[in-house]
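Undergrad: In case you want the letters, here they are:
Protein chains: 2
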Amino acid sequence: MDAAEFRRRGKEMVDYIADYMETIERRQVYPDVQPGYLRPLIPEEAPEAPETYEDVVKDIERVIMPGVTHWHSPYFYAYFPTANSYPAMLADMLSGAIGCIGFSWAASPACTELETVMLDWLGKMLKLPQEFIAGTSGKGGGGLIRGTASEATLVALLAARSRKVKQIRSEEPDLSEAQVISRLVAYASDQAHSSVERAGLIGGMRMRKIPTDEKFAVRGEALRRAIEEDKAAGLIPFYFCATLGTTPSCAFDRITELGPVCNAEKLWMHIDAAYAGSSFICPEFRPLLDGVEFADSFNFNPHKWLLVNFDCSTMWVKKRSDIIGHWQIPLGRRFRSLKMWFVFRLYGVRGLQAYIRQHVKLAKEFEGLVRKDGRFEISADVVLGLVCFRLKGSNDVNETLLKRINAARRIHLVPCQLAGRFVLRFAVCARTTESRHVQQAWQHIAELASEVLQ
Amino acid sequence: MDAAEFRRRGKEMVDYIADYMETIERRQVYPDVQPGYLRPLIPEEAPEAPETYEDVVKDIERVIMPGVTHWHSPYFYAYFPTANSYPAMLADMLSGAIGCIGFSWAASPACTELETVMLDWLGKMLKLPQEFIAGTSGKGGGGLIRGTASEATLVALLAARSRKVKQIRSEEPDLSEAQVISRLVAYASDQAHSSVERAGLIGGMRMRKIPTDEKFAVRGEALRRAIEEDKAAGLIPFYFCATLGTTPSCAFDRITELGPVCNAEKLWMHIDAAYAGSSFICPEFRPLLDGVEFADSFNFNPHKWLLVNFDCSTMWVKKRSDIIGHWQIPLGRRFRSLKMWFVFRLYGVRGLQAYIRQHVKLAKEFEGLVRKDGRFEISADVVLGLVCFRLKGSNDVNETLLKRINAARRIHLVPCQLAGRFVLRFAVCARTTESRHVQQAWQHIAELASEVLQ
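Heads up: the sequence lines are chains A and B, in that order.
Numbered by full-length UniProt numbering, the letters in the first sequence go through residues 1 to 454 in order.
Numbered by full-length UniProt numbering, the letters in the second sequence go through residues 1 to 454 in order.
Quick caveat, the hints were computed from the structure, so don't treat them as lab data.
Be a bit skeptical, because a hint or two may be false.
[Said to hold, decoys possible] Result set (EDC-like, lysine to aspartate or glutamate): computed pairs, CA atoms no more than 16 Å apart in a straight line: (1) 11/A x 15/B; (2) 127/B x 48/A; (3) 11/B x 12/A; (4) 209/B x 229/B; (5) 127/A x 44/B; (6) 127/B x 44/A; (7) 364/B x 381/B; (8) 364/A x 377/A; (9) 124/B x 44/A; (10) 209/A x 221/A; (11) 124/B x 48/A; (12) 319/B x 131/B; (13) 127/A x 45/B; (14) 215/B x 190/B; (15) 124/A x 44/B; (16) 319/A x 131/A; (17) 124/A x 48/B; (18) 127/B x 290/B; (19) 392/B x 367/B; (20) 11/B x 5/A; (21) 11/A x 12/B; (22) 58/B x 19/B; (23) 127/A x 48/B; (24) 124/B x 45/A; (25) 266/B x 171/B; (26) 11/A x 54/A; (27) 124/A x 45/B; (28) 361/B x 434/B; (29) 124/A x 293/A; (30) 11/A x 5/B; (31) 127/A x 293/A; (32) 11/B x 54/B; (33) 11/B x 15/A; (34) 166/B x 322/B; (35) 127/B x 45/A.
Sequences are here, hints too, so could you generate the full structure?
TA: Right, here's the structure in full:
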């Protein structure tokens, strides 16, 4: 394919994408296919000779679309949102064309520099403490883009390990590195994402789960108790991963309590706000981040809820010197800051705030509908765009309801477990979700509930 | 931005990209900017109100392009190639629009399934042993896409650690996991990529470098000796990372010798062929992969040399059961197999082979020019698209030559160290590189050499 054909095919693809987005709600949100559906639809080997572009394009609807879960359908309420916006798509096209690999400044100065400045822009939008902003000094803190929150959690854990090993060995020079590591213990909420536990497995370190309160939040006292027990048993506490906006219920660990405990005990406090972090650009949600001043590192995913297409997970640290050598697991990296730049400029801070508020408003609207129906209950505080709800009654009846909902394929939800109870999660996800979609979704759920309860 | 505006702006972006690619050789390959150049060019904070698209677009040439190292310029001969093709860009546009996160089958069946089949297609192109092909059985081996080779190296190391811990503890149940881990030792070439050493640091395990022969290759005997020494010292050898196509000189570890050693000693053998792997689709280069039958895992980067834009690093394992729980560091993932599908079909295997052969031919052409000039010497066998060369004489004179080359900004090269000598690397990188560019590059280098030697 030469440039002339790309001009033609690229424009066709732009129209295909715009058509897809404009008509996405007519597509069934969750596919009907069974595992293994795709293999028989295409050849067993790559073709020897080139095929035509027409051949390839017609297979998008024949092979791919029947197996797509449409995350950007306004009937998609599963998991958490993944971002999608036209400005981000345009920037990603440009990023693909420039196609530089930003593993060092010289490998592409613009890539490295725009990233640093965009992390400052975003850090300022979040009103992060000054120590997290790189500015022009080149010292102290700053931010960078990672692929996912899992990567950030792991990097923070490794940096915390290095720092603690250094500290302990300066106090007790006779201990070997392996001896120190074998006594380390990290902490996270019992509601934390599975990737936090996995980070411990990767680093070969103990990870202890801290029990949460009735709001599914870790309290300072619970962490203090665990630290004391572990110290008494000869272990060395070194890392706490706080979650702001847990995956099951969007609960918030109490970092204003936890931060001082971590600082006093010299634990690295990392904050994972993968989903909720985007909301902190709104003054009314910023108090949820109070306590970040105690943290060593902070991470959230603009690729979830800030209209920047995947992948764009942003991490800030107070002291870059703590983390040098661990700044990234992958060495190569795309020019990802371009899409932050396009999105921030074409929406403006006010546009981004309006987007967050609209999703929260839709979640509150759904919560109101649930509360008006006496058969249902709300299972966790609705703070942002997630509503956890269930039929009053057994787990079985709720499992049956969820099965009916997903079998009907009109909307898509996933469940969670909260304090042993089977709960349905309704997460406002798509950029194009409106009140009418939420109303329809609720009506549909209420009807299926009537069937289930009969 | 709504769909209507995206239709317009997307088409303008397609034209911008085509223009960029068609005229890239008129741009200076390596930028003139100094560190910190970008920050003063843009505001210190994100705008409150949205800007216009015109504002953003005009900043591409004002802010970004002056700081871009043009990896796809035919005057770019640094590092290794990073892939860039129109079919991959089209597929990436589609992937961005679908915007699914493929962390499980249900999250997007098409994403999971196309990936499995594309890895089979590619595995068959490489004539990988049958154990690495997933097929329809769903048992045994198979492949998946990772972001980078660094990630693959780390995942293989972690899987090897788990397998060895399990094996040792089944033989000696009194040993704790920490005790086993503290005795583990991994191996790699002294020419291996820095990410291999870092994988050891991340996992908290010893990584020993094996000295290479006069061809910069690890030999079976050298590995055997290291294993014996370490076993005698009470350590437990568990992992060897072989490199096919090292970063400095594109050297090939002798895996037909190393594989039997690894198998006999129960070491996990991982093969990192990040750059060279793409060439194995050509029958004449496939012998370089002989010995892969001894490996537990194999990885290379189609995003380097197989026209699939970054990121697309492909990894195969013989036993998926060894690696379950470690299949990926990041949980979220884009629909990356779409670009493999588009590229394989629109080039065909023959088109891809022709592309590889053209690059190797250009490298040989450059090698011929170097050999004809008695002032120069070739520093390592030219097997694929990389030529390592230097002026006969001191390191200083070669450093001076490289500085002149990069200061002139007409072409871009990076150096390497080989057996203590400062060597220039000439890697054929861009898709559009032709004989005339190589000839010009050589003439330019020869002229600068004359200046330096005067």
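Undergrad: If you check each hint against the structure, which ones fail?
TA: Violated hints: none; all satisfied.
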